[in-house]
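6 protein chains.
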Amino acid sequence: MEAYGRFTRPSTQLSAVTLDKGPASIESAYDAALAAPDVLFKVRAAQEGGMDAVLIDCMGDPGLEPAREAVFIPVVGPAQVSMHLAAALAHRFSVITVLKQTIPSVQLQVQGYGLMDKVASVRAVEIPVLEMERDVHGLAGAVVEEAARAVVEDGAHIIIPGCTEMFGLASEVQEGLARRDCEVPVIEPAAVAVKMAEALVDMGLSHSKRSYPTPPEKVVVGYP
Amino acid sequence: MEAYGRFTRPSTQLSAVTLDKGPASIESAYDAALAAPDVLFKVRAAQEGGMDAVLIDCMGDPGLEPAREAVFIPVVGPAQVSMHLAAALAHRFSVITVLKQTIPSVQLQVQGYGLMDKVASVRAVEIPVLEMERDVHGLAGAVVEEAARAVVEDGAHIIIPGCTEMFGLASEVQEGLARRDCEVPVIEPAAVAVKMAEALVDMGLSHSKRSYPTPPEKVVVGYP
Amino acid sequence: MEAYGRFTRPSTQLSAVTLDKGPASIESAYDAALAAPDVLFKVRAAQEGGMDAVLIDCMGDPGLEPAREAVFIPVVGPAQVSMHLAAALAHRFSVITVLKQTIPSVQLQVQGYGLMDKVASVRAVEIPVLEMERDVHGLAGAVVEEAARAVVEDGAHIIIPGCTEMFGLASEVQEGLARRDCEVPVIEPAAVAVKMAEALVDMGLSHSKRSYPTPPEKVVVGYP
Amino acid sequence: MEAYGRFTRPSTQLSAVTLDKGPASIESAYDAALAAPDVLFKVRAAQEGGMDAVLIDCMGDPGLEPAREAVFIPVVGPAQVSMHLAAALAHRFSVITVLKQTIPSVQLQVQGYGLMDKVASVRAVEIPVLEMERDVHGLAGAVVEEAARAVVEDGAHIIIPGCTEMFGLASEVQEGLARRDCEVPVIEPAAVAVKMAEALVDMGLSHSKRSYPTPPEKVVVGYP
Amino acid sequence: MEAYGRFTRPSTQLSAVTLDKGPASIESAYDAALAAPDVLFKVRAAQEGGMDAVLIDCMGDPGLEPAREAVFIPVVGPAQVSMHLAAALAHRFSVITVLKQTIPSVQLQVQGYGLMDKVASVRAVEIPVLEMERDVHGLAGAVVEEAARAVVEDGAHIIIPGCTEMFGLASEVQEGLARRDCEVPVIEPAAVAVKMAEALVDMGLSHSKRSYPTPPEKVVVGYP
Amino acid sequence: MEAYGRFTRPSTQLSAVTLDKGPASIESAYDAALAAPDVLFKVRAAQEGGMDAVLIDCMGDPGLEPAREAVFIPVVGPAQVSMHLAAALAHRFSVITVLKQTIPSVQLQVQGYGLMDKVASVRAVEIPVLEMERDVHGLAGAVVEEAARAVVEDGAHIIIPGCTEMFGLASEVQEGLARRDCEVPVIEPAAVAVKMAEALVDMGLSHSKRSYPTPPEKVVVGYP
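Order-wise, the sequence lines are chains P, A, R, Y, U and D. Mapped onto the numbering used here, the consecutive letters of the first sequence carry residue numbers 5 to 228. Mapped onto the numbering used here, the consecutive letters of the second sequence carry residue numbers 5 to 228. Mapped onto the numbering used here, the consecutive letters of the third sequence carry residue numbers 5 to 228. Mapped onto the numbering used here, the consecutive letters of the fourth sequence carry residue numbers 5 to 228. Mapped onto the numbering used here, the consecutive letters of the fifth sequence carry residue numbers 5 to 228. Mapped onto the numbering used here, the consecutive letters of the sixth sequence carry residue numbers 5 to 228.
Calculated from the structure, these hints are not laboratory results. Here the structure is a predicted model, which means the values were calculated and not measured. Please note that a few of the clues may not be correct.
Put simply, identical chains are the same to the list, so a pair is met inside one copy or across any two.
Derived lysine-lysine pairs resembling DSSO-like cross-links, with alpha carbons at most 27 angstroms apart [unchecked claim]:
#1 K25 with K104
#2 K104 with K213
#3 K222 with K104
#4 K25 with K222
Construct the complete structure from the given sequences, taking the supplied hints into account.
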């Protein structure tokens, strides 16, 4: 929540769904699938608690689509809104993710959002999520390294840091790129998610229930 | 399992993952997300139990991608293999699903499998899963009705019944279409899934671990 | 400017580029081409005048790409940001434009923004821009009419009113759709443009100069 | 036929169409066009002779589409079924073909099968077909070499050996890749073709006559 | 040849490959496959005979790709050049073909030429080729009928008559469309093929041998 | 006009719209937008002056779409027709443009013409237009250099010189490529534009007014 708090206004009630149940970090479709049920319960609780909108606190946007089925208030995934913003500001974006092995799932995510024509590359710093926290400065340097390659070798025109552990580093990365003579805008996904959620609340807009219809009521076994 | 048993050989150990935990039926992304964790645990148990391959017993293929990350043995989703077979046998296929509100998720599924250019339409019989069981004959008639429309109006050249409740009805549907002068092949997804699983086992082939890498070991909270 | 003023905050200096030179309305690529040079001069003037961001006051986004080449401050086209927002909130959107003969240019616009996979249809109310002003209520009814067809016949899940003359009508259209039993969200492009411009200013973000490089200085003949 | 015989069951009557008329090997669209008429006559003869299904014994799948027009029994092209299987088991596949100059026709083939989004690359060992037979072990080494490049440089997650001369080498290639630390599954196209043909026969399925309609009867000049 | 002769200049030596061997007409992939070998031999003979360029006298462009492999002089398929010209003159084109059952192969042809985004529809007059010759006026009326539907129902902006039997009817069809208030340009494929061949000869241009490499010399059995 | 004059016949009245108002050269979307209004006025004047067709004398095809709205006679953009011809003669083409910063707009242009699947790369010689004129021979060498890279590194099968300053150099570039062992055809865009315009005039064909409808008459402010 802290990553998002920097960007919020006092007047809007945003709930950032943090992932305290499920796996300790999300680095695979497997992790995301285990995390999703708790996201769904928290999103429903947020709506029942009168929240104006919900942010999913993970760049995998785990549970985004099913959560939108479950509620009427806006559910914002930081990756989805960051990718659409990047696509509006530049011809091609690159995502810098955590592990090489997560690259395929990020590519599937881009494909799911219909933005394959706008992606230059997905690259990885190859540092596990749980180790990132220990060395934030080293992390920023590693992101600059891969982002520079994305600009020079892959033709990226804008960069999206692809993990919540990288939240807050956008301006440091942008400066690092400028020092290497390959400046491009760097998206701050936490900020984009908050701004988008606030804008949706202000405009009285939410996701379409024709795309995300409310599931039929039925017996669910195995969850408290 | 029964739907699959008709098609299996005695010599291969196939495990069909039935969904007895989670929601009583899968008619939404929400249902699928709640079903996925139990799929994952069952798939892992199948591998540990020495099974040769695993079938996911739902046309939403819930948990297919994360399950493949978790194990080395083939994990077969009936929708994925049916759609690829349909694409190989005809220029365009249509899927007949359950509810109109599940059409968007089937379309996303087709998109995720990279087969959008091969789909003529997704149509729905508009009968809830749990009611289908009561009137199988009426169900077959309803599938014929929508399949005929898919052929005549949408240009479908082959039909995929899109719900496990429709399993076993392929030849009845194909005959119904012939009687209406719009005969096309009708896929039996349970059969395709079994044949594909057996073929993979025979050939010693499985999914690529570069596409579905084993997730890093980590603490998981909230599951038994 | 008035259409945008309703949505702006006092703290941000936004310049809405109104089209008082060039053609009296924009209903063709020809009109847009004649309007573009004045847009460019006004956008440059806005940057020199210390504006934080610029909005182009036309759903054809005339001059969006060349204007971004000319300046560093964010230049926001209401169509581009509305289409990306619609794509993030729903599987498929429809645009309701003015004349049937403008449909091809809207389709080219969608293609240029890389969102062809997300568009259900482009429809027209077939009322010339300059006549719209005289009968705003009739206009709203005509938009509801076409939007309802987009939902029912084309599978639209969200609606974008495609002309500045329709600005301010979003909630009236949404209510009209609800009364006809085909409720979907309706985007208010003026609001989206303002929110996006404010968000970009707040985040210190702008378009990528790698996508929109500053043109080389050179002699220009024929303009004051 | 020998390449296929290893994988067949005694109970199914499969006819593998070998190319003894036409060019001595298929390395171009020109070769394939000259080979096609004899394929058609053999496929018709196979149906008249009571065969259950037909395999085309060439990775160019020459005559696949016209042959399907000519008969009702399944006609299986090893390339088509191998590519669909590869697409179901991994995000991206690479094909290792014979000559560099055949790469464009393999790419056209992939495009024709609607699988361009799933292909990482097409590479060539640059050994003519007729020389391959003399040195099968050298051939396997050359395939490993290019397959390793496909994995490391092009991001391939699964490999398809793209010539009948490479049939039988899949496991040797897979082991070679493992020794170089870039193990991925390697498809055995002959096995896939047999398994798919047997599965189709078992399920009573064949290609759609709406996609491959029986040609009108007419005079044909110039063939015996 | 007669259809082309109207459009040629005396100064260029064009050879129109007529299909006197193979099937009596081309209405299927099967017919086209049987026709192709003779096309290849005639194209090679044309080059050896000093022709400047070759036209394939069939809208299926049978043998176009293998013929280009075989020779250095331009080989022009009337369908390919007509479709590219249509794509340059309008947003979407429709092809009016002969039989409904040839529609799938025309669609595959468009896909092979990379122009799927530019096609509005493929429609058929449902008159066999060999019957067309008997009633040319009736044929023109039938083409107008389907072309009008393509314009009104499918959004076609330009029409391509899709069979050599329709050659010479373009202006009659265009006038027929004008009388029905749905005028659009109608391509005359024979004229386009001649103009393109002459232009290529004038410019000293031909197809790229990197796309259509000369096939390796080898033994060919079964042809005179 | 001179570049085109070499290729024209005496019998056709072609008007080549040269850009003497607006910017001194076209190297950006900004330059093109400033050039467009004068193109439109000249194209209308050409029609009124009885010209048979109009050529736009710039590889950015500035004003092509709005100009077609304004008149009935054919308006030919050298880039559009060159790209379609290249797509018909080879699997993939590369464009050699002027400055690296113009690469994104050329890519958008290719996308707008619907030919993204046919482009191998866009490369730049990195010489400003106004400096090119001083050293034509050096320019030809620089084009050969980049074209050779396009062939070897990007898989280009045909080359399009992407600036009017390169007009007349096609055969010199083609010979340069042959000397480096990477011969491919090189398009002469000026020649293609003339040949296409003449062919359209000969055939009585022009662009579709359904794609490029005549703009409604209205007041235009700020132009003489």
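K222 and K104: within-copy, between-copy, both or neither at 27 angstroms Cα:
between (40 angstroms within a copy, 17 angstroms between copies)
For K25 vs K222, is the C-alpha pair at or below 27 angstroms within one copy, between two copies, both, or neither?
both (24 angstroms within a copy, 13 angstroms between copies)
Under a CA distance limit of 27 angstroms, which applies to K104 and K213: within one copy, between copies, both, or neither?
So K104 and K213 pass the 27 angstroms test across copies only (13 angstroms; inside, 35 angstroms).
Identical-chain pair category, K25 with K104, by Cα at 27 angstroms
Classified as within; 25 angstroms inside a copy, 33 angstroms across copies.
Consistency with the previously given hints is maintained throughout, with no hint failing.
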